[in-house]
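Novice: Note that the protein sequences, when read in sequence, are chains A, B, C, D, E, F and G. Quick note on numbering: the working numbering labels position 88 of the first sequence as 88, and the sequence is numbered without any gaps. Remember, the working numbering sits 1000 above the position in the second sequence when you count from 1. Remember, the working numbering sits 2000 above the position in the third sequence when you count from 1. Remember, the working numbering sits 3000 above the position in the fourth sequence when you count from 1. Remember, the working numbering sits 4000 above the position in the fifth sequence when you count from 1. Remember, the working numbering sits 5000 above the position in the sixth sequence when you count from 1. Remember, the working numbering sits 6000 above the position in the seventh sequence when you count from 1.
Keep in mind that the hints are not guaranteed to be accurate.
[Said to hold, decoys possible] Looking from chain C toward chain A, a few residues come up when the C-beta cut is under 8 angstroms (computed):
hint, residue
1, Ala2021
2, Asp2024
3, Arg2052
4, Val2065
5, Glu2071
None of these hints come from the bench; they were simulated from the model. Glycine included, every Cβ here is placed at the ideal spot set by N, Cα and C.
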Amino acid sequence: MEDTQKEATPIEELTFRQAMAELDGIVAKLESNTMELEDSLAAYERGVALLRALRGRLDDAQQKVDVLMGELEQDASDEEIDTTLHKA
Amino acid sequence: MEDTQKEATPIEELTFRQAMAELDGIVAKLESNTMELEDSLAAYERGVALLRALRGRLDDAQQKVDVLMGELEQDASDEEIDTTLHKA
Amino acid sequence: MEDTQKEATPIEELTFRQAMAELDGIVAKLESNTMELEDSLAAYERGVALLRALRGRLDDAQQKVDVLMGELEQDASDEEIDTTLHKA
Amino acid sequence: MEDTQKEATPIEELTFRQAMAELDGIVAKLESNTMELEDSLAAYERGVALLRALRGRLDDAQQKVDVLMGELEQDASDEEIDTTLHKA
Amino acid sequence: MEDTQKEATPIEELTFRQAMAELDGIVAKLESNTMELEDSLAAYERGVALLRALRGRLDDAQQKVDVLMGELEQDASDEEIDTTLHKA
Amino acid sequence: MEDTQKEATPIEELTFRQAMAELDGIVAKLESNTMELEDSLAAYERGVALLRALRGRLDDAQQKVDVLMGELEQDASDEEIDTTLHKA
Amino acid sequence: MEGAPEEAKRPLTVSQAMALAKGALENCVVTLVGEVSEVSVKPGYKAAYFTVKDTGASMPCMMWTNRYRASGVQLRVGMLVQMTGRFTLYAPKGRMNFDVFSLSMAGEGDLRKQVADLAEKLRKQGLMAPERKRALPAVPHTIGLVTSPRGAAVHDVLRTLRRRWPAARVVLAGVPVEGKVAPGALMTGMKAVVDAGAEVVLLVRGGGSFEDLMPFNDERLAITISRCPVPVVTGIGHEPDTSIADMVADVRASTPTAAAEAAVPSAADVRAQLAAASDRMAALVRAQLRTHEREVDAVVGRPVFKDPAILFATDAQTLDILGDRLHRAIPASVERDRAVLASYGTRLATRGRTLTRAFCMKTDEEGRVLLSRGAALVEGYDAQWKLAASRLNDLSPLAVIGRGYALARNDEGRIVSSIADAPVGSRIAVRVADGTLSADVVAATHDEQTEIPWKEA
Chain A
1 MEDTQKEATP IEELTFRQAM AELDGIVAKL ESNTMELEDS LAAYERGVAL LRALRGRLDD
61 AQQKVDVLMG ELEQDASDEE IDTTLHKA
Chain B
1001 MEDTQKEATP IEELTFRQAM AELDGIVAKL ESNTMELEDS LAAYERGVAL LRALRGRLDD
1061 AQQKVDVLMG ELEQDASDEE IDTTLHKA
Chain C
2001 MEDTQKEATP IEELTFRQAM AELDGIVAKL ESNTMELEDS LAAYERGVAL LRALRGRLDD
2061 AQQKVDVLMG ELEQDASDEE IDTTLHKA
Chain D
3001 MEDTQKEATP IEELTFRQAM AELDGIVAKL ESNTMELEDS LAAYERGVAL LRALRGRLDD
3061 AQQKVDVLMG ELEQDASDEE IDTTLHKA
Chain E
4001 MEDTQKEATP IEELTFRQAM AELDGIVAKL ESNTMELEDS LAAYERGVAL LRALRGRLDD
4061 AQQKVDVLMG ELEQDASDEE IDTTLHKA
Chain F
5001 MEDTQKEATP IEELTFRQAM AELDGIVAKL ESNTMELEDS LAAYERGVAL LRALRGRLDD
5061 AQQKVDVLMG ELEQDASDEE IDTTLHKA
Chain G
6001 MEGAPEEAKR PLTVSQAMAL AKGALENCVV TLVGEVSEVS VKPGYKAAYF TVKDTGASMP
6061 CMMWTNRYRA SGVQLRVGML VQMTGRFTLY APKGRMNFDV FSLSMAGEGD LRKQVADLAE
6121 KLRKQGLMAP ERKRALPAVP HTIGLVTSPR GAAVHDVLRT LRRRWPAARV VLAGVPVEGK
6181 VAPGALMTGM KAVVDAGAEV VLLVRGGGSF EDLMPFNDER LAITISRCPV PVVTGIGHEP
6241 DTSIADMVAD VRASTPTAAA EAAVPSAADV RAQLAAASDR MAALVRAQLR THEREVDAVV
6301 GRPVFKDPAI LFATDAQTLD ILGDRLHRAI PASVERDRAV LASYGTRLAT RGRTLTRAFC
6361 MKTDEEGRVL LSRGAALVEG YDAQWKLAAS RLNDLSPLAV IGRGYALARN DEGRIVSSIA
6421 DAPVGSRIAV RVADGTLSAD VVAATHDEQT EIPWKEA
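With the rest of the complex left out, here is chain A (with noise of 0.2 angstroms):
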């Protein structure tokens, strides 16, 4: 296994876009198909672990976001009953 001096940073730790640089990195050499079997092994290891961490990220972004904008729409449709009952 050639990158064990290179411990693997907690994906926690990880930005979405250095977990997703390091994911496009570990297909690449996935792909590439030159590396030995324990070390494709566990480049797939993290790549699923960090695949899903993405998706659990993003996921819980839309989510928020969601949630964020569902309030702003409230406060504008409070806001039209306001103006409506205001000009009423």
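Assemble chains B, C, D, E, F and G onto chain A, guided by the hints.
Specialist: Leaving out everything else, chains B, C, D, E, F and G in the frame of chain A:
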């Protein structure tokens, strides 16, 4: 996350103008398209908070007039709903 | 036996590729038909041990990858259910 | 006896191929029909001893190979069972 | 007797070939018909002794060969049984 | 007697050929008819003694040869029996 | 009018008379001063119509609109004006008008001159330089309003501010804007609002005469404005006159309302701006999410995740091939060796069967020779002997004895051929045909000499 050293000021401590400027900055930063997902999310969250706060301030705004000198003559044609007069 | 000075490395200490290369060499030597019976027997035994170890490793790797893929697919289908629930 | 100065090596100390080569020489000499009765007798005896030893070694080798191949086949059929179970 | 200076070698000390050669010489001499009665008698006696010794040796040799061949055949048929059992 | 100076060699010391030659000489001398009766008698007597001795030797030789031949034939027939038994 | 002298005696037509008068009047250009008594300036009219009077007379005037505009004077009743023009007649009505060429306010001349001089002085000091003009705060939180607390202006401003930007706090300094005290009051008011935190100062008043506006031409006020720490917006409703205050202010608006509008943003605009920011942020974040989703999906779609078997495909195949080769390599070699051994076995067996044959043949041959030789061994000697025996037999001297002769021997064994050979008393052996007699010599008789014939033969 790059900007953690600069703790966000509590929104209530910001003036409308500062809040507006920060919101503008957030939009510009988002537009630069160079942010990490996490930063974008945080920025978005802050932006939404700023937006809501600004909207709230606008909605709640009531004109305040402090009369420092002289005596303001009431104008019969004005509805005084939104104006609070303070005699200095 | 010609190679006794070079003690065989324990297979667990070989990487997959190293083991594969050794197996390849053994097969080639066996096929060349120039070995002493005793050497070829020893070589055959080593070859079989290498082959079994390599097969085992491949199977383990395959299994591990299957498990990881299963997790990925599980994620994906969970997401689909989420999406469906969300839309409902 | 012409070759008495060259004491015959104990067969167990010969490699298979060395024994084979000696056997080859003995058979050729016997067939050349130029030997003393005593020499040909001794040669014949040696030849038979070599032949039997070689046969024995071959049988041992075959047995060992059979055992090893049996293990390989066992692996293969185990795997097949695994695969079947896995698919089930 | 003309050859008394040359004491006859004890037959057991002669090789088969030497004994044969002596026998040849004796027969030739006997046929040449130039010998003293006593010499030819002695020669005849020696000849018979040589012949009988040679025959004995041949018999022994044949017997030995028979035993060895028997062993060979035994091996071969054992092996055949083995092979048959193996294939069964 | 003309030959008295030459004492007759004891017959047992004569070879068969010598005795025969002496006998031949005696016969020739007798045939020459020039001898004194006494000499001729002596010669004759010697001749008879020689004849007798030679006869004896011949008989002994024959007997010996017969024995030897018997042995030879015995050997041969033994062998034949052996061969027959062997083949049986 | 060409025929006027000769037609003087004859009565003129009304038109001719009017033309004659018009000609006479229009040659007379005069400058006069009078008080404006009536004014009719209406949009759409080609001219401004007004009346000037003094105590004894009044005179209708008209001034072409372009000239009127150029004069910069806004006519109001009671205004004392100085004008230059000529008399003219409006023939259809028979009315005389004074056609005004130029118009200025009489009595203001000095003031205007003073104001212009001050303006020039301040301009030279750079107080009006465009680069001194400060931008107004986009969203002022506190607006200082310095104006009269009475009248329409203050309410116009407050209404406009309330409408556009109710969020702003207004600090109001209600001060007199006319009269001698006005400049000082205005300056005090400005200081008061700035001290109260105003980020922008609105200095406004409604319209008035030139004289009314004089406080805004005050030099001290001008300097105060120019040094004011926050931007100042003027809204002094006195177009077209421009006060010094207007000139040194950061922004000049034509009316109080316009000043209020200039000082604050519109709440509606800000809401629209906020809405735009909201949409923009959401769009950007969503776009980023979509980008990331596409990135992740792209990775998921890569062959290694779609079909991870390819990870090991090469290795697995290589291994299968190697296994197959290994499988075949050793049994083949054992089989080959076994075949070679079998051939050696066969050759050994073959050889074993014939190993002693040559030797046996040889010995058999020798045996045969020995046998035959044995049979003949004694034969030659025997024949030799037999021949010798028969010859000897033929020659036996004893044959004589057979015919009756006897042979006597003395005890020495010698033939007795003379009586001397056997002395009396000796024993002799007498050989006869069928045996030997032992005899003692008892006597001896000596024969006569007899011839022995055979001796001579």
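Novice: State for each hint whether it applies.
Specialist: Hint check results:
For Ala2021/C, the interface hint is violated, the least distance from its beta-carbon to any beta-carbon of chain A being 11 angstroms, above 8 angstroms. A least Cβ separation of about 15 angstroms between Asp2024/C and chain A goes past the 8 angstroms threshold, and the interface hint is therefore violated. Restraint check, Arg2052/C versus chain A: the minimum CB separation of about 15 angstroms is more than 8 angstroms; hint violated. Interface hint status for Val2065/C: upheld, as the beta-carbon distance to the closest one in chain A is roughly 6 angstroms, under 8 angstroms.
Annotation: Glu2071/C was flagged as interfacial toward chain A, and the flag holds, the nearest CB pair being 7 angstroms apart, inside 8 angstroms.
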